[in-house]
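With the hints as your guide, set chain B onto chain A.
From first to last, the protein sequence lines stand for chains A and B.
Numbering-wise, the numbering used here puts 101 at position 100 of the first sequence, and it's gapless, one number per residue.
Numbering-wise, the numbering used here puts 242 at position 240 of the second sequence, and it's gapless, one number per residue.
Warning: the hint list may mix true and false statements.
[As the list claims (entries may be wrong)] So these bits of chain B aren't anywhere near chain A, every CB distance computed over 12 Å:
no., residue
1, GLU36
2, ARG104
3, ARG134
4, ASN173
5, GLU275
6, ALA277
7, LYS313
8, LYS334
9, SER425
10, PHE444
[Stated by the list, open to error] Below are the DSS-like pairs computed for lysine-lysine, each with C-alpha atoms no more than 27 Å apart in a straight line:
no., chain 1, residue 1, chain 2, residue 2
11, B, LYS167, A, LYS152
12, A, LYS99, A, LYS152
13, B, LYS327, B, LYS167
14, A, LYS152, B, LYS337
15, B, LYS313, B, LYS327
16, A, LYS99, B, LYS167
17, B, LYS327, B, LYS337
18, A, LYS152, B, LYS442
19, B, LYS406, B, LYS167
[Said to hold, decoys possible] Partial pick of chain A residues on the chain B-facing surface, computed with a CB cut under 10 Å:
no., residue
20, GLY98
21, THR214
22, THR259
23, LEU316
If you are wondering where the hints come from, they were derived from the structure by calculation, not from laboratory data.
Glycine included, each C-beta is placed from N, C-alpha and C at the ideal position.
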Amino acid sequence: MRLEPLTEIELGTQLAKASRERTPVECVDLSHFNRIVEHCPEDLTATVQSGMRLDTLQHALGERGQWVPLDPALPETLTVLDVLNHDLNGPRRFGFGKARDYVLGLRVALADGSLIRTGGKVVKNVAGYDLGKLFIGAGGALGIIVEATFKLLPRPRAELFFGKNCASVDELSSVLASLRSSSLRPSIIDCWRGGPSLTSGNGMMVVLGFSGTEAEVAWQAHHAAALGFSKPSDLSYDRDFWISRSRLMTRRVSVVPTGLAAAIAGLASMPFLARAGNGVLYTAEIRDPGHEPPSTRLETRAKMAFDPNHILPSLPPLL
Amino acid sequence: MKLGMHRATQDESALLADLRLILGSPQILSDPLELLVYECDAYTLEKKIPSIVVLPNSPFEVAEIVRCCNKHQAPFIPRGAGTNLSGAILPIENAVVISLTRMNQVQQVDLENRRALVEAGCVNIWITNAVRSAGLLYAPDPSSQTACTIGGNVATNSGGPHTLKYGVTTNHVLGLEMVLPDGEIVWLGTTLEGGEETGGLDLRGAVIGSEGMFGIVTRVVVNLSQIPQSWRTLLGVFASVDDASQAVSDIIASGIVPAALEMMDQLITQAVEAAYHFGFPLDAGALLIVELDGLEEGLEQQAMEVERLCKANRATEVRRARTDKERADLWKCRKRAFGAIGRLSPNFLTQDGVVPRSKLPEIMRFIQHTSAEFGLRIPNVFHAGDGNIHPLILYDESNPDEVKRAVQAGNRILERCLELGGSVSGEHGIGVEKADFMEKQFSQPDLDAMRSLRRMFDPLHRCNPHKMFPNGKRCMDFAPRRQISV
Numbered sequence: 002m003r004l005e006p007l008t009e010i011e012l013g014t015q016l017a018k019a020s021r022e023r024t025p026v027e028c029v030d031l032s033h034f035n036r037i038v039e040h041c042p043e044d045l046t047a048t049v050q051s052g053m054r055l056d057t058l059q060h061a062l063g064e065r066g067q068w069v070p071l072d073p074a075l076p077e078t079l080t081v082l083d084v085l086n087h088d089l090n091g092p093r094r095f096g097f098g099k100a101r102d103y104v105l106g107l108r109v110a111l112a113d114g115s116l117i118r119t120g121g122k123v124v125k126n127v128a129g130y131d132l133g134k135l136f137i138g139a140g141g142a143l144g145i146i147v148e149a150t151f152k153l154l155p156r157p158r159a160e161l162f163f164g165k166n167c168a169s170v171d172e173l174s175s176v177l178a179s180l181r182s183s184s185l186r187p188s189i190i191d192c193w194r195g196g197p198s199l200t201s202g203n204g205m206m207v208v209l210g211f212s213g214t215e216a217e218v219a220w221q222a223h224h225a226a227a228l229g230f231s232k233p234s235d236l237s238y239d240r241d242f243w244i245s246r247s248r249l250m251t252r253r254v255s256v257v258p259t260g261l262a263a264a265i266a267g268l269a270s271m272p273f274l275a276r277a278g279n280g281v282l283y284t285a286e287i288r289d290p291g292h293e294p295p296s297t298r299l300e301t302r303a304k305m306a307f308d309p310n311h312i313l314p315s316l317p318p319l320l
Numbered sequence: 003m004k005l006g007m008h009r010a011t012q013d014e015s016a017l018l019a020d021l022r023l024i025l026g027s028p029q030i031l032s033d034p035l036e037l038l039v040y041e042c043d044a045y046t047l048e049k050k051i052p053s054i055v056v057l058p059n060s061p062f063e064v065a066e067i068v069r070c071c072n073k074h075q076a077p078f079i080p081r082g083a084g085t086n087l088s089g090a091i092l093p094i095e096n097a098v099v100i101s102l103t104r105m106n107q108v109q110q111v112d113l114e115n116r117r118a119l120v121e122a123g124c125v126n127i128w129i130t131n132a133v134r135s136a137g138l139l140y141a142p143d144p145s146s147q148t149a150c151t152i153g154g155n156v157a158t159n160s161g162g163p164h165t166l167k168y169g170v171t172t173n174h175v176l177g178l179e180m181v182l183p184d185g186e187i188v189w190l191g192t193t194l195e196g197g198e199e200t201g202g203l204d205l206r207g208a209v210i211g212s213e214g215m216f217g218i219v220t221r222v223v224v225n226l227s228q229i230p231q232s233w234r235t236l237l238g239v240f241a242s243v244d245d246a247s248q249a250v251s252d253i254i255a256s257g258i259v260p261a262a263l264e265m266m267d268q269l270i271t272q273a274v275e276a277a278y279h280f281g282f283p284l285d286a287g288a289l290l291i292v293e294l295d296g297l298e299e300g301l302e303q304q305a306m307e308v309e310r311l312c313k314a315n316r317a318t319e320v321r322r323a324r325t326d327k328e329r330a331d332l333w334k335c336r337k338r339a340f341g342a343i344g345r346l347s348p349n350f351l352t353q354d355g356v357v358p359r360s361k362l363p364e365i366m367r368f369i370q371h372t373s374a375e376f377g378l379r380i381p382n383v384f385h386a387g388d389g390n391i392h393p394l395i396l397y398d399e400s401n402p403d404e405v406k407r408a409v410q411a412g413n414r415i416l417e418r419c420l421e422l423g424g425s426v427s428g429e430h431g432i433g434v435e436k437a438d439f440m441e442k443q444f445s446q447p448d449l450d451a452m453r454s455l456r457r458m459f460d461p462l463h464r465c466n467p468h469k470m471f472p473n474g475k476r477c478m479d480f481a482p483r484r485q486i487s488v
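Just chain A, with the same shape it has in the complex:
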């Protein structure tokens, strides 16, 4: 069943019907839910409907010098719902964090058609359970997010990116160690191999990014050069990696940051993209659901509690 509601109420009615009839919901088109409900620049908060495109949202917030600090590649192809359902983020994740760090509140349509709010629109709030955390990254398995309130940040006044080639995993390992022990505060520590701009089979590129005031960024750029990061870079590698890939089907590996080089060594010469500072690695392989562990007992109980008739998508895979 495909849902294309015009309003929240309509979505609720359609879901309630699907639940009663136990009809799986294959697709929900929220393209009518595409506006900013409220942007309070002085409070650094914004409430937006989840069908809004991420680039449109960022552009609107940018007019007041603010943004939601989430930067997945190809934002013109993503809605706020995509970002929240699949907990998407980009290179700046090392410095700025993830969706769960910026969502203050959600409005969610549950499988039985009821509409709930979690959290609120203030930056600090512990009233009630933090249900929002469960819906973010759940792939829509527990409910359909229709609106989100974000904590915003001022856009960094300056940003600079630098690259450094690494010929071997050993070199990569020592470069990453030198970054960890440095006094730099990068917003990006990425690493990648393959794509149009690198030709050698085993060569890798480490990308370092700084975000902040002009003075902070300039000081860090100066010190990064001493660590071999002097070649100006951009973030096109991230876009290049994702442009031909399904985010949901790409194999993802997560290790402690110090274990990243070893994980990369295991890939032989396969292309990859890594959020090296976070120890997260996306490979050129397709995910193999057969090798993923089954959902835990608690997760299954959560699914039963929120979607007993299984009309919404399955639980997101465990790594």
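Frame of chain A, contents of chain B only:
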């Protein structure tokens, strides 16, 4: 001695006998005098002496205790240092209190990956003490951080002055071990050796802030942050709370993200000065502590901008902490402000409402108005940058009318926070204190969804019952009691 003490019933005797099979006798408290300590937390309006307190040494003992409680159908309550301010650990229904204070070690530190594995009873500041020499710290810094435990921080998703820039507990806890209410031990989220992404549902995130109602958290993996390279700590002196509030709004609007932005009004400043002798100006209507941190480079320009914005809002003076000691002393005064209240009043009730930052001047005026209307003094010391207020309503518990007025004034302030688009709690939690407010802040479907989540973890409602949700039963059975003095 008339203490309204509880005499062990037959059921409790059987439970005690079974607990003695699991724990050594120093680990079980059942003597009424020993139990008195556990009758409340830092919310003292309601008290109840528990029937039994147990002090486990390991997650396995916690699991055994929970299974034993289940066998006897006894409710149980996890407890850390008891610094909670909302009665979240009030031992209603003769619950067994499971005190985690003996499980208090920083078990392992991974400096390279900036993580630590700590036991739930570990005191917040001990983590930073253990890693400071490596240039790291644990960021959330509740004012009670020298006493409160990580387990308690997880239960209430604690904040603190520096959460304006660094976030609250949930932003710094990677994973946790929990004994479910049926006795199973589970790990939720990242382990010490594991990657930060685990896939699946974020059950870790759901447990943080659940006020100990989903199970007993026994161990936690926390994220460690780098100690900032440099600081600028400024003290803005203002003639009025209004001017200081406007300065807060202007600083936020300027694009600067301070590490902390704290306000103290005149009444609290006078009490703090009398107690700690920092040298605060006693005639100031409001003081604003603004801390900027990060790389040294560029920090001074930001400090000068903050100074300019304070002066633009009629600050009569902007002082700077010139040494690390001055900075430490200033923060000590701020964090121990509640402790100075004893000079003003025998009792106080603190509220923890939140408003959108731009509504700060409005809520502060409302508090002044409420103070006059109810004839109660209400000093304020709070996280201005977050819009998180802490009006301290002063009362004397020996005056029943004053107690009543204090509660009413508190409720009035919280209702106003909701009207302004805020929340009834920014960091203290709901507990028993604000349970009746949940229906004002949330709709029935919202509360039903929360109840579903609770049932998923604790179908029998054994773990920390009668908290968070409005419960008519509480009003009849658990009326406020006067403090017992021994």
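These are the hints, each one checked on the structure:
| no. | hint | verdict |
| --- | --- | --- |
| 1 | GLU36 | holds (31 Å) |
| 2 | ARG104 | holds (27 Å) |
| 3 | ARG134 | holds (16 Å) |
| 4 | ASN173 | violated (6 Å) |
| 5 | GLU275 | holds (28 Å) |
| 6 | ALA277 | holds (27 Å) |
| 7 | LYS313 | holds (20 Å) |
| 8 | LYS334 | holds (23 Å) |
| 9 | SER425 | violated (4 Å) |
| 10 | PHE444 | violated (6 Å) |
| 11 | B/LYS167 to A/LYS152 | holds (12 Å) |
| 12 | A/LYS99 to A/LYS152 | holds (12 Å) |
| 13 | B/LYS327 to B/LYS167 | holds (22 Å) |
| 14 | A/LYS152 to B/LYS337 | holds (26 Å) |
| 15 | B/LYS313 to B/LYS327 | holds (26 Å) |
| 16 | A/LYS99 to B/LYS167 | holds (15 Å) |
| 17 | B/LYS327 to B/LYS337 | holds (15 Å) |
| 18 | A/LYS152 to B/LYS442 | holds (23 Å) |
| 19 | B/LYS406 to B/LYS167 | violated (38 Å) |
| 20 | GLY98 | holds (7 Å) |
| 21 | THR214 | holds (4 Å) |
| 22 | THR259 | holds (5 Å) |
| 23 | LEU316 | holds (7 Å) |
In summary, the numbered hints that this structure violates are 4, 9, 10, 19.
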